[in-house]
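Chains as they are written, first to last, in this note's numbering: chain A, 1 to 374; chain B, 375 to 766.
These aren't lab readings, by the way, just hints derived from the structure by calculation. It cannot be assumed that every hint is accurate.
[Claimed, not checked] Short, incomplete list of chain A residues facing chain B, as computed with Cβ under 10 Å: (1) F3; (2) T6; (3) M274; (4) S281; (5) A294.
For each residue, glycine too, the CB sits at the ideal point set by N, CA and C.
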Amino acid sequence: MYFDLTDEQQAIKATAHDFLASRFKSERIRELAASESGFDEGGWSEMAELGWAGLALPEEWGGQGLGIVELAILFEEMGYALAPSPLFSNTVVGLALAFCGSDDQRERYLRPLAEGQRRGTPALWDAGSTAEPGRFTLEGRSEDGATVLDGEKVLVPDAASADFFLVATSDGRRHMVDAGASGVTVVPEESVDLTRRFSTVRLEGVRVAAEDTLPGEAADYFPVFFRACVMLAAESTGLAQRALNMSVEYAKDRQQFGRPIGAYQAVSHRCAQMLLETENSRSAVYGAAWAADAEPGSLPLSASMAKAYASDAGWRVPDAAIQVHGGIGFTWEHDLHFFLKRGLTNAAILGDARWHRERVADMVLAAEPAPSAS
Amino acid sequence: MDLTLSPSEEEFREEVRSWLQENHPGPEPEAGLDEVMAFRREWQLKLHGAGWAGISWPKEYGGRGATMIEQAIFAAEATRQEAPAPANVLGLAMGGPVVIAHGSDEQKARYLEPILTGEEIWCQGFSEPESGSDLASLKTRAVKDGDEWVVTGQKVWTTFAQYAKWCMLVARTDPDAPKHQGLTYFLMDMEQDGVQTRPLVQITGEGEFNEVFFEEARVPDANVVGGVGNGWAVAITTLMNERAGLAFGAISQIQNSLGRLSKLARETRLNGGSAADDSYFRQRIAQLHIEVETMRLNAYRGLTKTMQSGIPGPEGSLGKWQWADINQDLTELALEIEGAYAPLMRGAEHALAGGSWQYGFLRSRANSIEGGTTDILKNIIAERVLGLPRLR
Numbered sequence: 001m002y003f004d005l006t007d008e009q010q011a012i013k014a015t016a017h018d019f020l021a022s023r024f025k026s027e028r029i030r031e032l033a034a035s036e037s038g039f040d041e042g043g044w045s046e047m048a049e050l051g052w053a054g055l056a057l058p059e060e061w062g063g064q065g066l067g068i069v070e071l072a073i074l075f076e077e078m079g080y081a082l083a084p085s086p087l088f089s090n091t092v093v094g095l096a097l098a099f100c101g102s103d104d105q106r107e108r109y110l111r112p113l114a115e116g117q118r119r120g121t122p123a124l125w126d127a128g129s130t131a132e133p134g135r136f137t138l139e140g141r142s143e144d145g146a147t148v149l150d151g152e153k154v155l156v157p158d159a160a161s162a163d164f165f166l167v168a169t170s171d172g173r174r175h176m177v178d179a180g181a182s183g184v185t186v187v188p189e190e191s192v193d194l195t196r197r198f199s200t201v202r203l204e205g206v207r208v209a210a211e212d213t214l215p216g217e218a219a220d221y222f223p224v225f226f227r228a229c230v231m232l233a234a235e236s237t238g239l240a241q242r243a244l245n246m247s248v249e250y251a252k253d254r255q256q257f258g259r260p261i262g263a264y265q266a267v268s269h270r271c272a273q274m275l276l277e278t279e280n281s282r283s284a285v286y287g288a289a290w291a292a293d294a295e296p297g298s299l300p301l302s303a304s305m306a307k308a309y310a311s312d313a314g315w316r317v318p319d320a321a322i323q324v325h326g327g328i329g330f331t332w333e334h335d336l337h338f339f340l341k342r343g344l345t346n347a348a349i350l351g352d353a354r355w356h357r358e359r360v361a362d363m364v365l366a367a368e369p370a371p372s373a374s
Numbered sequence: 375m376d377l378t379l380s381p382s383e384e385e386f387r388e389e390v391r392s393w394l395q396e397n398h399p400g401p402e403p404e405a406g407l408d409e410v411m412a413f414r415r416e417w418q419l420k421l422h423g424a425g426w427a428g429i430s431w432p433k434e435y436g437g438r439g440a441t442m443i444e445q446a447i448f449a450a451e452a453t454r455q456e457a458p459a460p461a462n463v464l465g466l467a468m469g470g471p472v473v474i475a476h477g478s479d480e481q482k483a484r485y486l487e488p489i490l491t492g493e494e495i496w497c498q499g500f501s502e503p504e505s506g507s508d509l510a511s512l513k514t515r516a517v518k519d520g521d522e523w524v525v526t527g528q529k530v531w532t533t534f535a536q537y538a539k540w541c542m543l544v545a546r547t548d549p550d551a552p553k554h555q556g557l558t559y560f561l562m563d564m565e566q567d568g569v570q571t572r573p574l575v576q577i578t579g580e581g582e583f584n585e586v587f588f589e590e591a592r593v594p595d596a597n598v599v600g601g602v603g604n605g606w607a608v609a610i611t612t613l614m615n616e617r618a619g620l621a622f623g624a625i626s627q628i629q630n631s632l633g634r635l636s637k638l639a640r641e642t643r644l645n646g647g648s649a650a651d652d653s654y655f656r657q658r659i660a661q662l663h664i665e666v667e668t669m670r671l672n673a674y675r676g677l678t679k680t681m682q683s684g685i686p687g688p689e690g691s692l693g694k695w696q697w698a699d700i701n702q703d704l705t706e707l708a709l710e711i712e713g714a715y716a717p718l719m720r721g722a723e724h725a726l727a728g729g730s731w732q733y734g735f736l737r738s739r740a741n742s743i744e745g746g747t748t749d750i751l752k753n754i755i756a757e758r759v760l761g762l763p764r765l766r
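Model the full assembly from the supplied sequences, consistent with the hints where possible.
If you want it as structure tokens, here you go:
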């Protein structure tokens, strides 16, 4: 029993922290937020050189072969730095290929993705649908052994900078579609979070050759989904930690009525509550990440617990931080709103807190209470 | 990162599990506290006979010298199997560790064995009517008289005072010193005319706690622990021990309660189904499960940290705060599930779940007060974990 980071994991955390702090200073994040694409090509190449594009992807296919614990550590730092980056969407596609792709597909798509040469993003949810996990309405049409897609995928993250899409159809299958394929149009949408933007991807008579449809079926993607939930929960934990740190610094510094506002219990108890939520979130994430690597049978429960908890903490803690800061926290000039917006976005996607709590309820209410010994 | 037990820890758990299964004395008697205490004394003797009393104590003092993980395993397993508490819980968790840490050789020889056997029950005389959270302001006076001290004052919230042979008493020995420095830690013999105890009836209707009155009670100089004027530091060790030792048992207890809560939800009819089908109740039950899991994982992270640094850090305050919140939420939710039947308690023919949640609800109101109020814990976290300035 050792529930803490090992020395190697600490080193990964420190490297990620220092790199991200130097690359994504406030001014740089603001430049990217104000830019048309919101994407940082230079930052991406550096991340790829660090091996992050394939951190938890198999070594056999160009990845680093590390675990979900290491991935969670990295994403906690990505959240802490509020890094605008397609690393999340890219990693999800990488995991999907690793779990559900054929060797030929892994060679063509996973290897360049893991090495950072090409980027992929999931295009799962359909316009007009509830956009719930696992519910896809796009019907693929069979034609000469190929699948033809006509539809509109919404909430596609980082679509503007993606080289290919992992498109879901109603049968639960996934198809690789090149961004440049005939019939594909990417329409950027106005997104609350300027550091993680969504697009609509229109598919008009897009032909997917048989070798570009993944052999995996609907249930085969569950392990990918749970791991993605853990990554996102880790990122939200990082957002919360940063918002807490900013608040504590401010509460020590800001004077009102002749003393630092952090001396008042209305403020200090709010900060204590933020710490509680941040630490709970981190424990839930580490627990789920560990389960993914060491005890996959318990991952469905622990991943839903982590995603539910971190979904709440990821926006509530930045929200509380805005209250600690008072008026300045409500200005565009202050960075806090970016954290709130990312938290809000992370909470909404891949199943919100309510959706995951319902899953938890399913699992815990079904179980009979442990028999008493007496 | 590794959340699994080592083979030797697994083996320890199996040993605990099977011993408890074979020796579990059954549920506690439902009669009065006297019967319960007699039952617990017998249970403690049995525990001691098998080497399970004072498992955290070093072997040379009659304990088992268990690692912190083994202590956690024992606490979790005993609670999971709903084993009774030993009679001398305060002596085992606090009195013994303080004597071991700060006591003289004579004190160790005199006090430790009867704590382990349960022959002598201990109580703790810290809080006073006017010194609750501000413990260091306590006023009970001890005045030197030859080789004795004469103690006058009043303590409150003293669990088991009516059964106790010894009281861990903190009294003011130097009224002129700064408030934290004028205190001394005594072992006070409760069996004397100068000590009177009176049960304090709490909102549940029971008298779990007592008031203790000292009227020129006598305590020999040889019963000072840790030196005159060091009472604050000695007392703090006991409180640290209290927090570190109780966490894992408390978590198992909440897990038991969650099981009972799910059962209540499944068995309580609502809208043509059961409360377990109701989306609002499902959300709240799930949230409680999530919070209990984060508390359990936090405790493991804390344990890992403590094993590396050797001392429990101020982060322990988070766990106690969270425990109180969860326990209160849980019992509130149970009464909400019972709906219109919530006013019926134990003994009522139509009470749900035997009327047990009504007691749980009322008793849990104290969880955010006893052992450090939640408000004070938030101050500790703000000042000592976050480094925010003090108000004072």
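So, going through the hints one by one against the coordinates:
| no. | hint | verdict |
| --- | --- | --- |
| 1 | F3 | holds (4 Å) |
| 2 | T6 | holds (7 Å) |
| 3 | M274 | holds (9 Å) |
| 4 | S281 | holds (8 Å) |
| 5 | A294 | holds (7 Å) |
Taken one by one, the earlier hints all hold for this structure without exception.
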